[in-house]
Each structure stands twice: as structure tokens, then as C-alpha cells.
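Quick note, the sequences are listed as chains Y and P, same order.
Residue numbers are given in our numbering: position 428 of the first sequence equals residue 428, and the series is strictly consecutive.
In our numbering, each residue carries its 1-based index in the second sequence increased by 1000.
By construction, these hints were calculated from the structure, which means they are not laboratory data.
For each residue, glycine too, the CB sits at the ideal point set by N, CA and C.
Treat the hints with caution; some may be incorrect.
Pairs of lysine to aspartate or glutamate, DMTMM-like flavour, derived with a Cα cap of 20 Å [said to hold, decoys possible]:
id	chain 1	residue 1	chain 2	residue 2
1	P	Lys1058	Y	Asp274
2	P	Lys1364	P	Glu1021
3	Y	Lys372	P	Asp1239
4	Y	Lys364	P	Asp1274
5	Y	Lys364	Y	Glu28
6	P	Lys1364	Y	Glu275
7	Y	Lys58	Y	Asp26
8	Y	Lys288	Y	Glu251
9	Y	Lys201	Y	Asp145
10	Y	Lys284	Y	Glu254
11	P	Lys1364	Y	Asp274
12	P	Lys1176	Y	Glu419
13	Y	Lys284	Y	Glu251
14	P	Lys1058	P	Glu1005
15	P	Lys1372	Y	Asp239
16	P	Lys1058	P	Asp1026
17	Y	Lys284	Y	Asp274
18	P	Lys1423	Y	Glu383
19	Y	Lys176	Y	Glu202
20	P	Lys1372	P	Glu1414
21	P	Lys1364	P	Glu1028
22	Y	Lys364	Y	Asp381
23	P	Lys1372	P	Glu1384
24	P	Lys1284	P	Asp1274
25	Y	Lys58	Y	Glu5
26	Y	Lys58	P	Asp1274
27	Y	Lys372	Y	Glu28
28	Y	Lys176	P	Glu1419
29	Y	Lys372	Y	Glu384
30	Y	Lys423	P	Glu1202
31	Y	Lys423	P	Asp1200
32	P	Lys1423	Y	Glu202
33	P	Lys1372	P	Glu1393
34	Y	Lys364	P	Glu1275
35	Y	Lys288	Y	Glu254
36	P	Lys1058	P	Glu1023
37	P	Lys1201	P	Asp1145
Take a look, some chain Y residues computed to stay more than 10 Å from chain P by CB distance [what the hints assert, rightly or not]:
id	residue
38	Leu25
39	Glu88
40	Asp183
Number of protein chains: 2
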Amino acid sequence: MTQLEIARSGIISPAMQRVAESEGLDAEAIRQGIASGSIIIPANSVRLGSVTFCAIGKGLRTKVNANIGTSSDCRSLETELEKLRVAEESRADTVMDLSTGGDIGAIRRAIIEATTLPVGTVPIYQAAIEAIDRRGAIVAMAADDIFDAIEEQARDGVDFVTVHCGVTRAAVARLKRQGRVVDVVSRGGAFLIAWMLHHDKENPLFEQYDRLLETAHRYDVTLSLGDGMRPGGVADATDRAQIEELVTLGELVERAWAAGVQVMVEGPGHLPLDEIPANVQLQKRLCKGAPFYVLGPLVTDVAAGYDHITGAIGGAIAASAGADFLCYVTPSEHLSLPGVEDVREGVIASRIAAHAADIVKGVKGAREWDLKMSTARKNLDWEEQARLSLAPERARGVRRQRVSSGQACSMCGEFCAMELVSKHLGTKVVRC
Amino acid sequence: MTQLEIARSGIISPAMQRVAESEGLDAEAIRQGIASGSIIIPANSVRLGSVTFCAIGKGLRTKVNANIGTSSDCRSLETELEKLRVAEESRADTVMDLSTGGDIGAIRRAIIEATTLPVGTVPIYQAAIEAIDRRGAIVAMAADDIFDAIEEQARDGVDFVTVHCGVTRAAVARLKRQGRVVDVVSRGGAFLIAWMLHHDKENPLFEQYDRLLETAHRYDVTLSLGDGMRPGGVADATDRAQIEELVTLGELVERAWAAGVQVMVEGPGHLPLDEIPANVQLQKRLCKGAPFYVLGPLVTDVAAGYDHITGAIGGAIAASAGADFLCYVTPSEHLSLPGVEDVREGVIASRIAAHAADIVKGVKGAREWDLKMSTARKNLDWEEQARLSLAPERARGVRRQRVSSGQACSMCGEFCAMELVSKHLGTKVVRC
Chain Y
1 MTQLEIARSG IISPAMQRVA ESEGLDAEAI RQGIASGSII IPANSVRLGS VTFCAIGKGL
61 RTKVNANIGT SSDCRSLETE LEKLRVAEES RADTVMDLST GGDIGAIRRA IIEATTLPVG
121 TVPIYQAAIE AIDRRGAIVA MAADDIFDAI EEQARDGVDF VTVHCGVTRA AVARLKRQGR
181 VVDVVSRGGA FLIAWMLHHD KENPLFEQYD RLLETAHRYD VTLSLGDGMR PGGVADATDR
241 AQIEELVTLG ELVERAWAAG VQVMVEGPGH LPLDEIPANV QLQKRLCKGA PFYVLGPLVT
301 DVAAGYDHIT GAIGGAIAAS AGADFLCYVT PSEHLSLPGV EDVREGVIAS RIAAHAADIV
361 KGVKGAREWD LKMSTARKNL DWEEQARLSL APERARGVRR QRVSSGQACS MCGEFCAMEL
421 VSKHLGTKVV RC
Chain P
1001 MTQLEIARSG IISPAMQRVA ESEGLDAEAI RQGIASGSII IPANSVRLGS VTFCAIGKGL
1061 RTKVNANIGT SSDCRSLETE LEKLRVAEES RADTVMDLST GGDIGAIRRA IIEATTLPVG
1121 TVPIYQAAIE AIDRRGAIVA MAADDIFDAI EEQARDGVDF VTVHCGVTRA AVARLKRQGR
1181 VVDVVSRGGA FLIAWMLHHD KENPLFEQYD RLLETAHRYD VTLSLGDGMR PGGVADATDR
1241 AQIEELVTLG ELVERAWAAG VQVMVEGPGH LPLDEIPANV QLQKRLCKGA PFYVLGPLVT
1301 DVAAGYDHIT GAIGGAIAAS AGADFLCYVT PSEHLSLPGV EDVREGVIAS RIAAHAADIV
1361 KGVKGAREWD LKMSTARKNL DWEEQARLSL APERARGVRR QRVSSGQACS MCGEFCAMEL
1421 VSKHLGTKVV RC
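Pulled out of the complex, with its shape left as it was, chain Y reads as follows (with noise of 0.2 Å):
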């Protein structure tokens, strides 16, 4: 049984008791959360007794994936595995290996095998890339193809898959006949659109979604629906095409629950900062409260170089109006493939996003942590603050640049302000 059904059985699963643990919730409420649809657990049966349990969804902390992965042009498995030690370092919830270059499935397994973190995948990739090196074109993948690569990653523990089942001939004729300025930057969704291009055809996750599903449900791999339609850049966010993709995954994320099996919806992408707030209430209402995965938002596109910034911009509002699974942007977004620091500076970005909107979600811990720091700051202890910051070593390197002579912190150096005013105003240190 997937988590899914054990939740609408009833009964409380120990992964179930172990998410609840560690968010600090009911394990009732956990499972009851499962059982509407609303909260999911990425665990494939496979990875059951190794895999760390991580819940997203409604009424809980917001969660971070850190992308990684291979390209034609960067191939070094050593270099990947690095990459996901300075994820886990930097605490995201989860990694998706997105390697398209190399030997794809060694890599993809090896990564499993290096994490007990949830791994998601594109296994549209390896259809692709196998449809190059047997058939020497994309568009010669056959429809099977895609399902045998799902099978495959299924069966080596991938916990969730982004399949773009939304991409339809409906959605594409509606891209054609608006027109757009950057068309479609979603890797799988070009992959699809492609073919269904060249055959004339109807996308084959779509068309058999059920072959789909009854795969998933084996497994328990939870289904992330892709958002192939995603705008890239603000002038293209929230058209029609877009919208036509989410009104689909609404009713493939109901398929979805009828069948058993585990399901989020993902989403933009470019958004100017007003349109996020109306973005992740129209998910919500049209996927009926299943968990939202945002990439950024991107809430500009001149900021190459800094898109992790861009990205925390949009994904703390995403979040605070709902979203539960932001999608880290690096440094390298748009420019090349991301290097290991950039893995450290998109997670931490993502993490601060996540934090600030768990702070007015009302998340459980979330408020109380800033008030240790804030407490911390207060009485001028320097190692509880570093202890405290979302990057410690950061903070300590940091202070260590430029060190104060006295108490307080080389910004202020005699003169911190809440140093004089505890004096004369005569407030007492706090223990919090």
C-alpha cells in the first residue's frame, strides 16, 4: 500500500510517526493530511528502511530541493556526489538528480545510494538521451521508452519523478496561437513537445496516464506534475498556455488520488512579484490542496549571476501564500550548470525563503527560533548566535574577518547601541 492508502486505512505508518516527530505535530494530523491529499511523503517502497522520511504539504515547515546533476558538458560523477554532500551539509529536504550527461542510470544510482534524503528525477532525460544514442534523434524515442525509464528509476528507488503529463496538444495549440516571448524553457517539456510535434501526436504521459499511475502505485513514487508550460520570463507569466497546463494537472492530480498513489503540482518559474500570491491560490483551488513546488519564483530576469537572490525573493512570498516545496535557484541559473558553492548558496537562499514564510504560516518552532536569536543577539553571545544562524560557520567566519576589541561586534565597536541602552534603560539580560 502507498502511504496514500495506509493514511485513508486509518492507520499511522512509522513513517507517518516519524515526519510527525520531527515537525513537532500529531501523527493523527499527519495522517490525516495524507489521506486528503494535501500532504505527501516521497519514500518509495524500495528505500522504505534507508530513505529519511520528509513530509510537504498544509501545516508544515516549507521544504528545500537542491537540483544536481550531470550535463553534456560537465559529466564528473565525483563532482555530483560532492555537490550532494554540500547539500545535505546545508540541509536541503531533498535533492533531484537531473544528470544528462554521462552514464546517466550509474549515476543516478550511486547518488541513491550516497543519501538517505528523498531523490526525485526527470525520467523523461534518460528517454531522451537513450532515444539519441540508439536512434540518433530525441524524436525517434518511442512512447514506451518513457514508460521502461520510469520503470527503471522506479525500481532503483527514486522517491518522486516530474513527469509533464500537462503538456498536451490542447496546451500547445493554445502556446502557438498566443505566441510567446521565451516559448518553453521546461527541458522535459521540450522534449515532449518535440516529439508530439514531429508525430503529430498526443503526449504519451497523458494519453496513458494510467500506465503511469499503476507504475507509481507499485512503488509508492510520489508524482510531482511538471509544469513543461512554465513561463521564462515575466512577460510570458501567467498566459494561457500556463494556465491551460494547470487546469489538466487538476484533474490528473484527482486521477492521481483515485488511483492511490502520491502527488504534488509544480510550478513557475518567471513571475512578477504581485502575480505569485493569485499563482499559488489558483493551484490550490484547481489541484484541490495538493502540495505546490515552486522553481523561484523568478521575480525579475536581468539578475544572471544572483538568480538565488531573485529566486529567495519569490519563493518567500510563494511560500507565505502557500507554496511547501520551494525549489532552490543557484548563482548559475541561466549562465552554466551549477558548481559546488553554488549548491551552498542556493540552498541557504532557498532556506531563508522557506523561513520566512514558515514565520507567518504560523509554522510550528518557526517564530521561536528567531526569538532565540533575537534573545542571543540581545545578550551579545556571539556563539549562541552563530549556533543559531541558518549558516553557522558562515556567521562565525564571518565575525572572525573583522573582530571587535570589545563586547560587541566590529560594526559598532564602543558604541553598540544595545550595549548603552541596556545600561540606562537597565534591562536585564534575557534567558529565553
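Using the hints provided, position chain P relative to the given structure of chain Y.
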């Protein structure tokens, strides 16, 4: 006459003409904004021939300030001049010299000499430091020392001064009655509170506000009414001490206008992100549309080492809600005096926030910039993308690290979504 008085008399000054050109707006609209108080041009009459005119306020591009300056622990003038250079290179709109270490008069004059950007200061720092030097304690400062420092700095050509006129006995009483986690984190506010409590007297900047207005008027120095009561942790946000001060600042704005003095209002600080729009709206209402200059806001307390990101999230939300001027926050905030690279990272993060807001504010040219970038992206025109980037050198550097063998970037290599879809959808390369 001050710019405010010139505007009221119906005349368009050279400064107004110049900012109209740089904003791409009508000079008469700028004049009306200045006359109404919703726009300021901080430009000391001493510097009229040398300062770059920069307008801040309603309908204009959101501006970014970079704080530089020594502390008692870090006193090098050379380092501060290097920070100034990097602030200019990163395209800060203004700088504030917050020096509190070394010969601060000489440092201030060197900074004004070295830049054409508008320069702001916090004159009470000078008064407090001189009080220690001459009389042995900050609280030994005389009220006249504060006004002498303001007069001296105005004579030096400072374009805007932060003056914590709203730190009144009433506000301090509210602070005491209510209690706070982090008390007071404004350095200038703390100096005044220490003095007021020690002497049991009212804030001289409040009590002798007309004297301040007289000096400001003489040199057309813009007043930046400081928020000495700004929250230093999310637990203290939007509390009674903060709002008491803001109500007073609203009254002082009207008195400045009556005296023909240009004025803006400073704001928090640490705020949960859902409280930011209300804070902006409150300032706009209570202060009758005077420009709002925010520090951050910082949407969580726990990101020490990465507070430029925390500040970018808050700044984007604040500016999109109507804030006009963002004071940058650097990665060193809460830990140490910023170094040279911190200045760069801080300015860029704030510029991202400002521009993301300008897109939704409808600022002239904002969406057009993103459209050009998206078009260059679609065309895989890498040099044009770098040129259009907010930080061109960084964009070029990131791309160079991992170059692709093909037309695309090393993230997707031969599997570029845009290339693939262009080919199959038959969309043309666009020129905008």
C-alpha cells in the same frame, strides 16, 4: 531657495530637469511631486555644481543606498574609499558615511570629495564621539554639540542627514511600559535615549526642531527622519514604541514642509513579511506621502552571514508596496563592519529587490528591461544577456567557469529547451 520652494514657486530647476531626463518622465511631473512633498532631490546647495541629481519618491525608480564608514575597530580611510568605489561601480544611487572611528571629519570630507553621488550622514555620531573625546562620556554631550555637528556637516556639503527627532520621552515611556526583546538597535537612537534618561530631559532634536529646520533650510539639506525605535527582531515588530515614533514623525514631516525643507522618513528594520505592506501603508498615510526609506526590512532574524538576502526579500515586498528608497544590508550585518566585497553584494541584492518592485510598480522602463533580457535569452545571445544583466561582470564570469561546447549553456548543453522548441515550433529569433 530649496528645491521644495523652487518647485512650489512653479519653477523647474536644473536639478528637476536632470532627474526628469534620467527617469524618462516629464519635468513638470517631477516639479509637482517635489512641491507636494512626495518626491525629494537630496542635493546640498554647496554641492549643486558637483552632485549627481537623484530623485527619490512616488512614481520614480526605487533607489538604493549603500552605507560605508569606519568603526572604532576599523579606521582605514583607504578601505572606505575603496568601498565607495565599489558602491559606485555596483550602481548604488547614494551613499551614507556612518564613520565612527578615526578622524571622522576628514573621512567625511574625503568621501564627499571623491564622489558625485548624494552623501548622507548621521551627525549625532560626531557629537557623541566628540563628547567622549572632550568630556569623557556620550551622556556628557551638550544639546548644542548636536546642532554644531549638523551645522558643520551641512557646511561640508552633506546632502541628507538622519536625525532621530521622533525619539521622544513619550516614545521611550511606551518602550519601557511595553518591554521588548532587543530594546533599541538604532545607534543614533541609543545615543539619544542614553542622554535623555541620564539627564531626564526631552530629545533636543525634537525640542529644538525649528533650529534643525533652519540649518537644513539654509543648505537645502534633506532631513531623513530616523527610526530610533525600529524593531531589532521580528518579535518586536510593529509595536507601540515604533508606531508612537512614526506618528510623531508624521507631524514633523508637515513642519518640515511648512519650513520649506525637503524630508523623508526612515522605517524598519526587522519585520515578518506579512507585516511589511501594512507598515508601508501606515507610513504613507501618517506622513502624508513623504518618501519612505527602509532598512531591509529583514524578514527573519536567523540568517546572520546572509542578511543581504533577508533584506532583499523584505526590500522587494516593501518597495512593491510603495517604499521609495532601500538602504542596503550586507552579508556582514549583525556580525561585523562590512568589507569591500560585502558592499558589492549588498548593493546588488538591493538593486534586485528594487527592480523586482519597479516591475510591479509600473516604473517606466522596468518591464522593458526584462523583455530585452528575455529576448536575448531566447536568441541565445550570451554577450547581450551579460550586457543586460544587473551585474554584467558576474554574469560573464559565471558563464566562463563552465562553458558549453554548443550554442547553449553548460546547464543543458545539447539538450537546450529553447533551441529544441524553436526548431520544432518554428518560432523565429526576435529582435526587440
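Distance restraint between Lys1423(P) and Glu202(Y), which requires alpha-carbon spacing of 20 Å or less = 19 Å, holds
Given the hint that Lys1058(P) pairs with Asp274(Y), test it: the Cα-Cα distance must not exceed 20 Å.
-> 18 Å, holds
With a cut-off of 20 Å on the C-alpha distance, tell me whether Lys288(Y) and Glu251(Y) pass.
-> Between Lys288(Y) and Glu251(Y) the Cα gap is close to 9 Å, so the pair holds against 20 Å.
Within a Cα-Cα threshold of 20 Å, do Lys364(Y) and Asp381(Y) meet the stated pairing?
-> 25 Å, violated
Hinted pair Lys284(Y) and Asp274(Y), Cα distance within 20 Å | Cα-Cα ~17 Å, so holds.
Straight-line alpha-carbon gap Lys1372(P) to Asp239(Y), limit 20 Å | 19 Å, holds
Quick one, are Lys288(Y) and Glu254(Y) close enough, alpha carbons at most 20 Å?
-> 8 Å, holds
Is Lys372(Y) close enough to Asp1239(P), meaning Cα to Cα at most 20 Å?
-> 19 Å, holds
Does the alpha-carbon distance linking Lys284(Y) and Glu254(Y) stay inside the 20 Å limit?
-> The hint holds at about 13 Å.
Distance restraint between Lys201(Y) and Asp145(Y), which requires alpha-carbon spacing of 20 Å or less | 16 Å, holds
Distance restraint between Lys1372(P) and Glu1384(P), which requires alpha-carbon spacing of 20 Å or less = 9 Å, holds
For the pair we were handed, Lys58(Y) and Asp26(Y), check the Cα-Cα distance against 20 Å.
-> Holds, at about 14 Å.
In summary, the numbered hints that this structure violates are 18, 20, 22, 27 and 40.
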